[in-house]
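With the sequences and hints as input, model every part of the structure.
Protein sequences, first through last, are from chains A and B.
Going by this note's numbering, the residue at position 232 of the first sequence is 232; the numbering climbs one at a time, nothing skipped.
Going by this note's numbering, the residue at position 110 of the second sequence is 110; the numbering climbs one at a time, nothing skipped.
Everything labelled a hint here was simulated from the structure, so no lab data went into it.
Some clues are possibly wrong.
As the list claims (entries may be wrong) - Quick list of in silico lysine to any residue cross-link-like pairs, SDA-like style, CA-CA up to 20 angstroms:
hint: 1; chain 1: B; residue 1: Lys-58; chain 2: A; residue 2: Met-77
hint: 2; chain 1: A; residue 1: Lys-101; chain 2: B; residue 2: Lys-58
hint: 3; chain 1: A; residue 1: Lys-62; chain 2: A; residue 2: Glu-85
hint: 4; chain 1: A; residue 1: Lys-101; chain 2: B; residue 2: Leu-76
hint: 5; chain 1: A; residue 1: Lys-241; chain 2: A; residue 2: Gly-216
hint: 6; chain 1: A; residue 1: Lys-241; chain 2: A; residue 2: Pro-197
hint: 7; chain 1: B; residue 1: Lys-58; chain 2: A; residue 2: Phe-80
hint: 8; chain 1: A; residue 1: Lys-62; chain 2: B; residue 2: Leu-76
hint: 9; chain 1: A; residue 1: Lys-232; chain 2: A; residue 2: His-201
Stated by the list, open to error - Just a few of them, taken from the derived set where beta-carbon distance is under 7 angstroms, the chain B residues facing chain A:
hint: 10; residue: Ala-141
hint: 11; residue: Ser-174
hint: 12; residue: Ala-251
What the hints assert, rightly or not - Far from chain A by the CB rule (all over 12 angstroms, computed), these chain B residues:
hint: 13; residue: Ile-24
hint: 14; residue: Trp-25
hint: 15; residue: Asp-185
hint: 16; residue: Pro-245
hint: 17; residue: Gly-277
hint: 18; residue: Arg-279
hint: 19; residue: His-280
hint: 20; residue: Arg-284
hint: 21; residue: Ser-286
In this text, a Cβ means the ideal position worked out from N, Cα and C, and glycines have one as well.
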Amino acid sequence: MREVVIISGKGGTGKTSLTGAFAHLAAKKVICDLDVDAPDLHLLLRPAHQREEEFWSGYEAKIDPELCERCGTCAAMCRFGAIHENDSGFRVDPLRCEGCKVCVAFCPADAIEFPQKHCGNWYVSSTRMGPMVHAQLFPGEENSGRLVMVLKQQARELAESRDLDLVLCDGAPGIGCPVISSLSGTDLAVAVTEPTPSGRHDLERVADLCRHFKVGFAVIINKCDLNPEESKRIEAFCRDKDYPVLASLPHDRIVTEAMVQTLVVTELPESEFSRELGRAWEQIEALLGR
Amino acid sequence: MIVSVASGKGGTGKTTVSASLTTIWGRPIVAVDLDVEEPNLHLFLHPAMEGNETAYIKIPVVDESKCTYCGACSDLCQFKAISVVNQLVMTFPEMCHGCGGCMAICPEKAISEGRRELGEISWGSAGSAGFLMGRLRVGEAMSPPLMRQVKARLNAMAAGGSRDVIIDAPPGVSCPAVNAVIDSDVIILVTEPTPFGLYDFQLAWEAFCPLGKPMGAVVNRAGVGNDQIYHFCQDKGLPILAQIPFDRAIAEAYARGRIITEVSSDIERIFIDLKEGIRHLAERRSSKEAAHA
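Below, the structure is given as C-alpha cells:
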C-alpha cells in the first residue's frame, strides 16, 4: 500500500482543490482529510457518513469550589497561567489549560477533577470518488496530532479491508503538530506552493521538515503566472535540492467555479488546467511506483 | 489596544491585512508575527532586525544515581514524556509540554531541568513600527510554548499599552490560533467569499465567540465565489469592516512582496476605513465595560 499527503506550508495555495482533483483521477484509493482543524475537502466530495465516532483525548482540570480551600497551590504551580482567583475562588481557564494534571496532583484538598475531553468526531463515509475518512476537531480544541494518527490508521485499515492500494491525504498548513503527524509513515509529500515571497519561504520550511523526517518530497507550483520570476526561483530551489516539480498551474478562476458548484476541477469541461493536473497525477503515480 | 488578525482558512490574506494596517496605523504600534510555524510578516514589512534569542522549553533530566524507580513521574506525566519500566527510566524530550510535574513530584529530587529548543524570537523595527516575530524550529511540533514566550516579550515592547499591537495569527481554529488571539481587544477575521472561506470562517467564529471579544470581518477577493459569507455575517451581527476587491493587480503586487496599500489610493482608503472601524469596535467595547463597572 502507498500513501501520499498533499501539504503546502503556507495556507490557501490550493491543497484541497488539487487533492479533490487527484481523488477524481486516482484509482483504488481511500481519501483522507488530515486537516482536522479546518477541513474543507468534504465541501467538494459531499461525503455520506456511514460511521461516526467520537474522539476523546486529553483531560481538563476543573476546580470544585465547594472543596477548594483557596490555598493557591494550583495557581502557583501552573506553568500555563491557566488558573486565576476571582471573587468566587480559583478557576481554571479551559482555553489555557494544557491538561498536565499538576494542579490535580498537588491540590491538598483533592478539590480538582480531571475529566477526559470530547475533542471532536471522525467519520468513515462514501463519496462519488470512493471511500473517505475524515474528522472535525471542535473549534478551539487541541490534540489535532492524535486525531490525525487515528484517521491515518483508519484509512489504512479501510484500504486493506477493501483491497485498495493507495491512501490519498489532504494535509494541514504549517509545519507543526498535525503536519508532523500526517508525515508519519508516508511515502510521498507533495507540496503545493505559489510564486509569492510567503509561498517560497514556507515551501522551504516544509521541505526541510520532510527532509528531517525522511519523507519523499515533490512540488506543484500553483498560480505560477502571478509572478513568473518568483516561479523561476522556486524551480531553481527545487532543481538545487533535487525535488521534482510536477506541474506549474496558472491562476485560473475555474478552481473557484468548481468549488462553488461543489465539484472538483477535473469534473468541469476539459481545460489546460485539468490536463496539466492529469500529467501531475501520472508523475505522482510514477513516484509512488504504482 | 491589541488587534488580532486571524482567519480559520489559510491564505485568505491575514498577513496582507496585518502589513497594510501596520503601515497606515498612524499611532505607535508593534507588529507581531505569531504564526510561528510559517511566519511571513517580515517578508512584507522588511524590518531592520535589532536582536534575537533562542527560546527553550524546560524538560526533565534524570539523575539515575538518585532515582529509585518509584514511577511517580511517569504516573503523573500526561504526555508520555517520561517512562519508568522496572529498573529503567527513559525520557522522550520531544513529547514534553514543560509542565514541571515530574520535577515537583519526584520524592528523591532526582529530576532537574534541561531544555529543548523551540525556535527563535527576533525583534526590530519597520519604519516607526516595532516588529516582533517567533520562528518555530523545523521539526518542533509544539507552537503554543513558543507563542507564549513571544507574547512575554511583546508585553515589554508594547510599553504598558502606550503602543498598540497588531498580531498576525496562525491559520486554523485549534489551540495555536486561540492562543494567538486570547489576549487581544479586537479580533479581525479575514475571509474570502468562497465555500472553503465560508466554512472555515464559521469555525473561526465558533472558536473565538467564547472569548467574548468584539469581532469584525474583512472580505478579501470580494467578487469571486458567492455571497453566502455576507448572509452569515448579517445573521450573526458581525460587521464587515472592509472588502478588498478581487483584482489581479493586487494579487501580483502581493506576489512581488509589496504592501497592497501602495497599489492605489482606493486600496489605501479601504485600510484607513478599516483602521477606523477597528477603533470604533474597541471603543464600543471599552464604553460597554465602563457601563458595567
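Checked hints:
no. : hint                   : verdict
1   : B:Lys-58 to A:Met-77   : holds (14 angstroms)
2   : A:Lys-101 to B:Lys-58  : holds (17 angstroms)
3   : A:Lys-62 to A:Glu-85   : holds (13 angstroms)
4   : A:Lys-101 to B:Leu-76  : holds (7 angstroms)
5   : A:Lys-241 to A:Gly-216 : holds (12 angstroms)
6   : A:Lys-241 to A:Pro-197 : holds (19 angstroms)
7   : B:Lys-58 to A:Phe-80   : holds (13 angstroms)
8   : A:Lys-62 to B:Leu-76   : holds (17 angstroms)
9   : A:Lys-232 to A:His-201 : holds (14 angstroms)
10  : Ala-141                : holds (4 angstroms)
11  : Ser-174                : holds (4 angstroms)
12  : Ala-251                : holds (6 angstroms)
13  : Ile-24                 : holds (20 angstroms)
14  : Trp-25                 : holds (21 angstroms)
15  : Asp-185                : holds (16 angstroms)
16  : Pro-245                : holds (14 angstroms)
17  : Gly-277                : holds (24 angstroms)
18  : Arg-279                : holds (26 angstroms)
19  : His-280                : holds (26 angstroms)
20  : Arg-284                : holds (23 angstroms)
21  : Ser-286                : holds (20 angstroms)
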